[in-house]
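Number of protein chains: 2
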Amino acid sequence: MSNNLVISIDAMGGDNSPRVVIEGVALAAKKNPDARFLLYGDSQRVNEILDNYPHLKKVAEVRHSSEVVHNEDKPSAVIRNRNTSMYMAINAVKQGEAQAVVSAGNTGALMAISKLTLKTIQKIHRPAIVTIMPHRTGRYVMLDLGANTECDALNLAEFALMGNIFAKHTLDVKRPRVALLNIGAEEMKGREEIHQAAKIIKHSHLDMDFIGYIEPHEIPEGKADVIVTDGFSGNIALKSIEGTAKLVVRLLKDAVKKSFLAKFGLPFMLGVGLNVKKTMDPRLYNGAMMVGLNGLTVKSHGGTDALGYSVAVSNAVRLARQNFVATIREELERVDLDELSQEVLYDVY
Amino acid sequence: MSNNLVISIDAMGGDNSPRVVIEGVALAAKKNPDARFLLYGDSQRVNEILDNYPHLKKVAEVRHSSEVVHNEDKPSAVIRNRNTSMYMAINAVKQGEAQAVVSAGNTGALMAISKLTLKTIQKIHRPAIVTIMPHRTGRYVMLDLGANTECDALNLAEFALMGNIFAKHTLDVKRPRVALLNIGAEEMKGREEIHQAAKIIKHSHLDMDFIGYIEPHEIPEGKADVIVTDGFSGNIALKSIEGTAKLVVRLLKDAVKKSFLAKFGLPFMLGVGLNVKKTMDPRLYNGAMMVGLNGLTVKSHGGTDALGYSVAVSNAVRLARQNFVATIREELERVDLDELSQEVLYDVY
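So the protein sequences, as listed, match chains A and B.
The numbering used here puts the first sequence at residues 3 to 351.
The numbering used here puts the second sequence at residues 3 to 351.
Among the hints, a few may not be true.
Heads up, the list lumps identical chains together, so a pair's fine if it works in one copy or across two of them.
Unchecked claim - No farther apart than 20 Å at their CA atoms in a straight line, the calculated lysine to aspartate or glutamate pairs in the DMTMM-like style are these:
no.: 1; residue 1: K225; residue 2: D256
no.: 2; residue 1: K255; residue 2: E223
no.: 3; residue 1: K191; residue 2: D75
no.: 4; residue 1: K125; residue 2: E335
no.: 5; residue 1: K76; residue 2: E223
no.: 6; residue 1: K255; residue 2: D283
no.: 7; residue 1: K255; residue 2: E220
no.: 8; residue 1: K248; residue 2: E195
No lab work stands behind these hints: they were computed from the structure.
One chain only, chain A, in its complex shape (with noise of 0.2 Å):
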C-alpha cells in the first residue's frame, strides 16, 4: 500500500460481523477517501460481502485470520493466540503497517491486547480509555473511562495532556478547555490527589487552557471540551449520564402512551423527537478510544450499525491523520511531568 494512511480492522468483531463491519467501513471510506484499510478475518465472507462495496474494494486489503475473539472469552485466555482477526488487527499497528486498529469485539481482550502488543507510549505511565460525548450546544471528551480504577496525580495530569490533544484532534476546538472531574461541597473540595495534579497541570506550562475543577451537572452545560477523571468515576459518570438518558426518554414515552390527548399533537411533535434523538444518538458518539500506547485502539459498541461502525472508523482515520500518537510524543518530549510531579508533591512550589 502506497498511501501512509491505513486503518486495520478487526471484521470479525461484533455482533452482526463481518457484515456491519465491512458496511461500516464502507460508509467511512466514502468519507474519507485518503485512508486505506486492512481486514482482517475469515476472508471467503470478508471477500463475500466487500463485493458489493466496489469503492472500498479498491482501498482494502483482505488478509485472512482463522480465530475469532469470542464475547465470553477470557482476556487471558486469548491475549497470545496470535491467529484471531484481533490480534492481527492490532499487530498490524506493532508493526507499523497500520496508524490506528478498529474492533467491536470483545472490550477486555481489546484492551489486553493492545496494552501487551502496542505498549505504552514511554513517559505515559498509565493508558487511558476516552469518548466524545454530547453536550447542550456541542461535543466533550472524558477519560479515563475504566481503563485504571484509581489514579494518582501524575496519571491525571498525563490523561489532561492526552486529552487536550485528543479534543484538539476530534472536536475542532483550537484550545480546549480542560477541566478535573470534582464534587464541591463546601467543606471538602474532593480527593487530594485532584487538587495534586490540578497543581502538576498549572505548573507544567503546558499548551492547555485548564480551567480547574468542573462537578457533574455542569457537563451537560458545555462549561469544558475536555473531562479528566479516574476510570471508576469516569465510568460512573458516563454511565449515570447514558441510563438517566434513557430514563428521561423512557418516561416521556410512557406519559405520551397512557395519555389520550397527547397522541393528537405528537405528528406536530415529531420533529421535536426527531431532533433531540438526533444530538443524543449514540451511534454518532460511538468508539471509545484507549490512548497513551504506541497506536491507537477503537473499540466500537458490538451491537451498533454500520452508521455507527463508521464514526469509529472515522474518529480513527481522523486521528491517524493528524498524527495523534506522534503529537503527544512531541508534547511529553516539552514537558518532564513526571520530575514536575516530584516537585509539586515535595511542595516545592
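Starting from the structure of chain A, add chain B where the hints point.
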C-alpha cells in the same frame, strides 16, 4: 411538650427564610398531626409569620436565637457559635428535646456542627449523607453522597446497614434490595474495597436482601432500593443524573422553540410534560439526610419552596416516628461488623 415526636427547625436557614420555612413546616404539620416542632430563629419575625398558621401554632414552640449562619460562612468559623439558629436547633436533638433537625442553611456548617454536637453512633465509623431519588417505577435511596471522599470496606458495609434501615422507613419496602455501586468492564470489576465490602455484607447475617453489584445505568431501571457507594462516586453519580435529566428536558424545550409545527402539538402534550415533571420534580425528593449520628440531621435545599421544605420535614418526622437511630443501634448490637471485617480482610472465610 408532652408529645414525644419532636422536630427542631432552623427557621433562619435557606433563601427565603423564615417565610418559606414556616410555610413548609405548616404544610408538614397538616400531614403529620402527631408531630410537634421547635422553631429556632428571630422570634419576632417567626411569630409574625406563624400567626398565619394557627394549626401550626398549636404544635410549635418558638425559641429565640440572636444569630444566623450565612451561606458564605466557613464551617470552622461558625462551628462553636452557640447563638445561631442552626446550632440551637441541632443542640435540641443533642439535649433529647427533639429527635431530628431540619435546616435549609449552609451545608458545610450543618454537617460540621451536627458531627461535633451529635457525635457518631458507637460502632459506626463514619456518618453518611443519604437521599431519596426517583427511578422509572418508584424510588430508591443512595449513600454516601459526599460526607466521605474515600471509604474502606467497613465504611461501605456500615452504609449498607444504615441504608437498608433507612429504605425500610422511607420507601414502604419490607425487604429492600441493597446493592454496591460498581463498574463492570470485563477485565476488572471495580475497586478492591468494594469486593471486600461485598464479602463482609454476605457474611454478616444482616437482615438484608443483598443483591451484589449494580452499575449506574441500571439504577434508573429500579433494580435496587439501596445503592451503597463512597461519597465521591455517589456525589458524581447524583450530579450526573441531575445534570442529564435537566439537559434532556432543556434539549426538548430548545427543539420545541425552534419548531414551528411543534407549537400546535404543545397543548396536546401538556399532560405528558406534567406527568414526567411530576415524576422528576426535585421538590418531591428534597432533603439529604445525615445518618450515623446520635440524632438525625436533614438538609433541605436552600432554594426550595414550601412544598419542597415540607417534604424534608415529613421525612424527618417519619424517620423519628420509626425510631430510625434506635433501630440502627439495635442492628449494631446484633452484628459486629468491625470484627467481621477483620476476619474477611484476613480471609478467614
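Hint check:
no. : hint        : verdict
1   : K225 / D256 : between (32 Å within a copy, 18 Å between copies)
2   : K255 / E223 : between (25 Å within a copy, 14 Å between copies)
3   : K191 / D75  : between (41 Å within a copy, 16 Å between copies)
4   : K125 / E335 : within (9 Å within a copy, 53 Å between copies)
5   : K76 / E223  : neither (39 Å within a copy, 28 Å between copies)
6   : K255 / D283 : both (16 Å within a copy, 18 Å between copies)
7   : K255 / E220 : between (26 Å within a copy, 18 Å between copies)
8   : K248 / E195 : neither (33 Å within a copy, 30 Å between copies)
Taken one by one, the earlier hints fail for this structure at numbers 5, 8, listed in ascending order.
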